[in-house]
Structure formats: structure tokens, C-alpha cells
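Visitor: Single-letter residue listing:
Protein chains: 2
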Amino acid sequence: MFMTEEKFTGGESGRSLRAKGRREQILDAASECFVREGFHGASIARISKLSGMSPGHIYHFFDNKEAIVKGIVERMVVRWLELLQPYPTNLDVVPLIAERARIAATERTRPDFVGLWLEVLAETARNTAVASAVHEADRTIRVAITEQVRYIRAARGVRNDTPIEAVIEVVLGIFEGLTNRSIANPDFNCRAVDDVMMVSLRAALEA
Amino acid sequence: MFMTEEKFTGGESGRSLRAKGRREQILDAASECFVREGFHGASIARISKLSGMSPGHIYHFFDNKEAIVKGIVERMVVRWLELLQPYPTNLDVVPLIAERARIAATERTRPDFVGLWLEVLAETARNTAVASAVHEADRTIRVAITEQVRYIRAARGVRNDTPIEAVIEVVLGIFEGLTNRSIANPDFNCRAVDDVMMVSLRAALEA
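In order, the protein sequence lines correspond to chains A and F.
Note that the working numbering gives residue 99 to position 99 of the first sequence, counting from 1, and the numbers run on in steps of one.
Note that the working numbering gives residue 210 to position 3 of the second sequence, counting from 1, and the numbers run on in steps of one.
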């Protein structure tokens, strides 16, 4: 299981809900800090100031900055899993895939997401704790998308020997690629590339 | 023009060549520092130690860390332009595209490239000097790839209204995506995704 038990375990549900709210507040503030100052520049003191919570309060929820990154990455997984929910059966899946793909592309090219995700990936290259969180998250996403791709391939009558792992890498890669393009090209326009993205995505799904 | 005049202008060619060698040495050392410690962690002092050159010597070539990043990004552009050289005419371009695409995919998923490029992109999100270098580099690459894509589309008999800018974003995005996938999934294997990548790439080129 990817989701780890919360360090904070609220007694009654109201307390638990408030804790969840405060935990989210810390993750929001930390995300902003990481984008602005980078993982190394962002200190617990700065996150404390931005979230309006004391460092002690932050340490109540998270052991260190790596644990905060893990929390941020887990939120991204939750979003992917929402977009990878099973499709209703007996429907043409193509328009449904297209709709969700457009949502994913839009969300993953928003400046706040882009800055945060690139910072997390850059840190993955040099920080084993962050790498472990990202790799675990990625495994969860790959499991979910494997089921979806199997379903789509069956629904589309695709029957061949192309390894599903390769299809998934290219499918996930297409979204990752748009993230990078949106920062490398200041004139990048997600809407304008939608149609070509869908053509490429379908080709990979039917490869 | 993307390539800026060198700060160092060697007198005779031997001196100029040695300067080029020393400049490359600084870029190599800085690249390693950025990957290991991030842009902010990497100091001129650290780059000096790793390159075996004095800080004064480094400042002789580069005004600041941003100028070093610009130098690093310019080297990446040179490589893209090599891979985007015109194809020989009267030949089936598909195998030629496939060959170059495989080379690009392999190079852009090597750990040293991945760590460096992600650090540069993350810094692009918060540093206007780095952003300006990356955006200028990207413009140069887009100009070169536009010519290539026009040529490929003509050679393949593709005639439609799909904006070439959208095709280029998806094509470049496919390579960018593999970079990110190679770090998010520790089991990523570039060779294994080659074929699906080519299917997606061709679909985008013929969209």
C-alpha cells in the first residue's frame, strides 16, 4: 500500500478533520516554498512562516522535509487515481479518454504544478528519501494505469505483443513531456496541442 | 542568433582552443555540481574545486552561475542541432528518423543528463536569467525542428491543417517525457520503449 498511516491520529472525527486541514495547509505552504526557493532553500522556518504554524506544529505532522515531499507526492497520486477511475462499461471509451486526458494535460501544465513537480524530480536525482517516495508513488500510478490500459486495449480490440509496460511509459511520458514543454516554451498553449496529443496518445494505446 | 559572443576572445587559435577546453572543463564541473547539490547549493567555490580552476579563472569565462547555466544549455542546443541536420534527399526518411529518435531518447534518459536538465528546468521556474537562456535555446531548437518536420511531412505526403507548432510541441514533449519517466520509474528501460515511442512519434508527425 502506498498511503502510509498518518503520524497524527486524531481522536474524535472533528479533531481528525481539523488535523487534516492543518496538514493540507502545511503541504500547500511547503509546495509554494519549494517552487520559490527550491527544496534546499526552503527551510522549516520559512514553511512555518508561510503556513502560519509553528515549527513544533509542523514537526507534529512531519518528521522532516522529505516527509513533507512524500505528503506532496501522495496528493499527486490521489489526483492521478481519480483520473484513472474505471470507465463505465458499454460506452465508447475514446471520448472519455480524451476528456480525462485533456484534464490531466491542463492540470500538469499549470505553473504551480510544473514548478513543484520539476523541483521534486530534480531532487529525486540526488535524495534517496525523495526518490523512494517518488518511486513508490509511481508504482501505485502504474498499477492503476495498467488496469485502465488493459481495459482500453480490450475495448478497442487491440491484440498484439506490445508489452503493456512500454505503452504505459509512453502514455505517462506524453503528459510528463507537456509539463516540461510548458516551462521550456513560454508560448506553450495546452489547448492548442490537445488534438495532436490525443493522436499520439491513441497511437501509443493501440501500439 | 542564439550563440552569444564568447566573453573570452582568444588571440591566436592555439590560445583560443585551450580556452575552449578550459571553458568546457568549467561547464563539466558545474554540471556535476548542479546535479549533486542543486543550482543553489552549487557555489563558484565548489565548481572551482571540482574543475581544478581558481574562482578568478572561472569568472574570466563566466560572469555568474546564470552565465554558466547558459553555457550548459547552449551545449544541449548544439547537440539537438546535430540530431536535426537535414536528411539526405530521395531516401525513405522513416528509418532515418527512427535512428536519430533512438539516439535522442538514449541520450536524454542518461542519469547525468536527466539530473542536470531537471535542475535547469526547475530553476527556469524561478530564475529569470535561467529562464531567458532556456527560452532562447528552445526557440533555436524549434526553428530547426520546424524545418525538419515540414520536410518530413512533405516527404510523407501529409497535407492537412494541423498547426505545425502543435506537432512540434508533442514531438519534443515525447523526448522530454522519457527524461522524466527515467527518473520516476527506477525500472525504466529506454530500449524497451523504443518501438512504442516511434509509433507515437510517427502519429504526431502525421497528425
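I should point out that these hints are in silico values taken from the structure, not numbers from a laboratory.
Please read all numbers here as calculations on a predicted model, not as lab measurements.
By construction, the Cβ of each residue, glycine as well, lies at the ideal position given by its N, Cα and C atoms.
Don't take each hint at face value.
As the list claims (entries may be wrong) - With the C-beta cut set under 8 Å, the calculated list includes, among others, these residues of chain F facing chain A:
(1) VAL285
(2) GLU383
(3) ASN392
Said to hold, decoys possible - Here are a few chain F residues that sit away from chain A, every Cβ distance over 12 Å (derived from the structure):
(4) ARG222
(5) GLU244
(6) HIS247
(7) SER258
(8) MET260
(9) VAL300
(10) GLU306
(11) THR331
(12) ARG349
(13) GLN355
(14) ALA373
(15) ILE375
(16) PHE382
(17) ASN387
(18) ASP394
(19) GLU413
Said to hold, decoys possible - In silico contact screen, one side only, chain A against chain F (beta carbon under 7 Å); selected entries:
(20) GLY38
(21) SER43
(22) HIS135
(23) ASN160
(24) GLU169
(25) VAL170
(26) ALA207
Visitor: If a hint holds in the structure, say so; if it doesn't, say that too.
Guide: Taking the hints in turn, this is what the structure says about them:
For the restraint placing VAL285(F) at the interface with chain A, the shortest Cβ-Cβ distance is roughly 16 Å, beyond the 8 Å limit, so the hint is violated. Interface hint at GLU383(F): satisfied, since its Cβ lies 4 Å from the closest Cβ of chain A, which is below the 8 Å cut-off. Using the Cβ-Cβ criterion of 8 Å, the hint placing ASN392(F) at the interface with chain A is satisfied: the shortest such distance is roughly 5 Å. Distance to chain A confirms ARG222(F) as a non-interface residue, since its nearest Cβ pair spans about 35 Å, more than 12 Å.
Here GLU244(F) does not stay apart from chain A, with its beta-carbon only about 8 Å from theirs, under the 12 Å limit. The beta carbon of HIS247(F) sits about 5 Å from the closest Cβ of chain A, which is not more than 12 Å, so the claim that it is off the interface is violated. Every beta carbon of chain A lies more than 12 Å from that of SER258(F), the smallest distance being close to 19 Å; the non-interface claim holds. No beta-carbon of chain A is positioned within 12 Å of the beta-carbon of MET260(F); the least distance is around 24 Å.
For VAL300(F), the shortest C-beta to C-beta distance to chain A comes to about 18 Å, beyond the 12 Å cut-off, and the non-interface label holds. With 12 Å as the threshold on Cβ separation, the claim that GLU306(F) sits away from chain A holds: the shortest Cβ distance comes to roughly 18 Å. The claim that THR331(F) lies off the interface is violated: its Cβ sits roughly 5 Å from the closest Cβ of chain A, which falls inside the 12 Å cut-off. A Cβ of chain A approaches the Cβ of ARG349(F) within 12 Å, the least distance being about 7 Å, so the stated non-interface status is violated.
Once the 12 Å rule is applied to beta carbons, GLN355(F) is consistent with being away from chain A; the minimum gap is 16 Å. Not every beta carbon of chain A lies more than 12 Å from that of ALA373(F), the smallest distance being close to 4 Å; the non-interface claim is violated. Under the 12 Å C-beta cut-off, the non-interface status given to ILE375(F) relative to chain A is violated; the minimum distance is some 9 Å. Taking the minimum C-beta to C-beta distance to chain A, about 7 Å, the non-interface status of PHE382(F) is violated against the 12 Å cut.
The non-interface label for ASN387(F) is inconsistent with chain A: the shortest C-beta to C-beta separation is roughly 4 Å, within 12 Å. Its closest Cβ contact with chain A, about 8 Å, brings ASP394(F) to no more than 12 Å, contrary to its assignment away from the interface. Chain A draws GLU413(F) into its interface by the beta-carbon criterion, the shortest separation being 8 Å against a cut-off of 12 Å. Given the 7 Å rule on beta carbons, the hint for GLY38(A) holds: about 5 Å separates it from the nearest Cβ of chain F.
Against a cut-off of 7 Å between C-beta atoms, the interface hint on SER43(A) is violated, since the closest Cβ of chain F lies about 12 Å away. This hint holds: HIS135(A) has a C-beta 5 Å from the nearest C-beta of chain F, less than the 7 Å allowed. Annotation: ASN160(A) was flagged as interfacial toward chain F, and the flag is violated, the nearest CB pair being 11 Å apart, outside 7 Å. Interface restraint check for GLU169(A): the shortest CB-CB distance to chain F comes to about 5 Å, inside 7 Å, so the restraint holds.
Taken as an interface hint, VAL170(A) checks out: its beta carbon lies about 4 Å from the nearest beta carbon of chain F, inside 7 Å. For ALA207(A), the interface hint holds, the least distance from its beta-carbon to any beta-carbon of chain F being 4 Å, beneath 7 Å.
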